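K.L.:
Those letters in the sequence shown? Residues 1 to 192, by UniProt numbering.
If you're looking for bench data, these hints aren't it; they were derived computationally from the structure.
Since we're looking at a predicted model, the values are computed, not measured.
Quick reminder that beta carbons are idealized off the backbone N, C-alpha and C, glycines included.
Treat each hint with caution, since some may be false.
Distance ranges between label pairs, derived from CB positions [stated by the list, open to error]:
id	residue 1	residue 2	range
1	Gln127	Gln10	32 to 42 Å
2	Pro28	Thr126	29 to 39 Å
3	Gly30	Ala64	34 to 44 Å
4	Pro22	Arg165	21 to 31 Å
5	Glu31	Gln10	26 to 36 Å
6	Arg17	Glu75	13 to 23 Å
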Amino acid sequence: MSRTLSLCRQHWLREARHCPSPFFNARPQGEVSLTVIHNISLPPGQFGGPHIDALFTGRLDASAHPYFASIAGLEVSAHVLIRRDGELVQYVAFDQRAWHAGQSSYQGRANCNDFAIGIEMEGCDTQAFTDSQYDVLNALLIVLAEHYPATQHAVTGHSDIAPGRKTDPGPYFDWSRLTQAEPVGHSQGVKT
Numbered sequence: 001m002s003r004t005l006s007l008c009r010q011h012w013l014r015e016a017r018h019c020p021s022p023f024f025n026a027r028p029q030g031e032v033s034l035t036v037i038h039n040i041s042l043p044p045g046q047f048g049g050p051h052i053d054a055l056f057t058g059r060l061d062a063s064a065h066p067y068f069a070s071i072a073g074l075e076v077s078a079h080v081l082i083r084r085d086g087e088l089v090q091y092v093a094f095d096q097r098a099w100h101a102g103q104s105s106y107q108g109r110a111n112c113n114d115f116a117i118g119i120e121m122e123g124c125d126t127q128a129f130t131d132s133q134y135d136v137l138n139a140l141l142i143v144l145a146e147h148y149p150a151t152q153h154a155v156t157g158h159s160d161i162a163p164g165r166k167t168d169p170g171p172y173f174d175w176s177r178l179t180q181a182e183p184v185g186h187s188q189g190v191k192t
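With the hints as constraints, model all of the structure from the sequences given.
P.N.:
Rendered as structure tokens:
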């Protein structure tokens, strides 16, 4: 299935559910030139539910699951989340700096949040992603390349900009399914 996505002037996707995060700030001057793929599941290994939205909006209830006590109070976000069923959720406008990459470096350039778009895939390091997620991801990469052309040639994993610190999107992310972008610098192949 092929989807078409579009951005409004405020750099929000028209087709996404908007769930604004307070965890962002202005980007420094310069071109948006990188897309970083992540994975997330809350609690770890479980899908669905309101917990990702709650984390990215500062409303995560630390008592809702034992794991949440370890991440309570984190101020993190991503630009978008692609859920297992293909639902697209946007937290931060693409022209703003979401707080997704942490300590990171890409091709000798530190602080990837300054110039990267962060895409979270609902998933984990031990399971394959869904067809719906890849369909939406490819549609998203098309619209991002239209508005931020340099991103078409720079799509990478969180593990590649923060090696030794991060493992996502994980070994089950199938880079060959990115039909609308040129993945670069990823170190993990897909497991079958």
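K.L.:
With reference to the structure, classify each hint as holding or not holding.
P.N.:
Results of checking the hints against the structure:
1. Gln127 <-> Gln10: 32 to 42 Å: holds (34 Å)
2. Pro28 <-> Thr126: 29 to 39 Å: With Cβ atoms ~36 Å apart, the hint holds.
3. Gly30 <-> Ala64: 34 to 44 Å: Hint holds: Cβ distance 39 Å, inside 34 to 44 Å.
4. Pro22 <-> Arg165: 21 to 31 Å: Since Pro22 and Arg165 have Cβ atoms about 25 Å apart, the given range 21 to 31 Å holds.
5. Glu31 <-> Gln10: 26 to 36 Å: Cβ of Glu31 to Cβ of Gln10: about 19 Å, so the range 26 to 36 Å is violated.
6. Arg17 <-> Glu75: 13 to 23 Å: Since the Cβ atoms of Arg17 and Glu75 sit about 21 Å apart, the hinted range of 13 to 23 Å holds.
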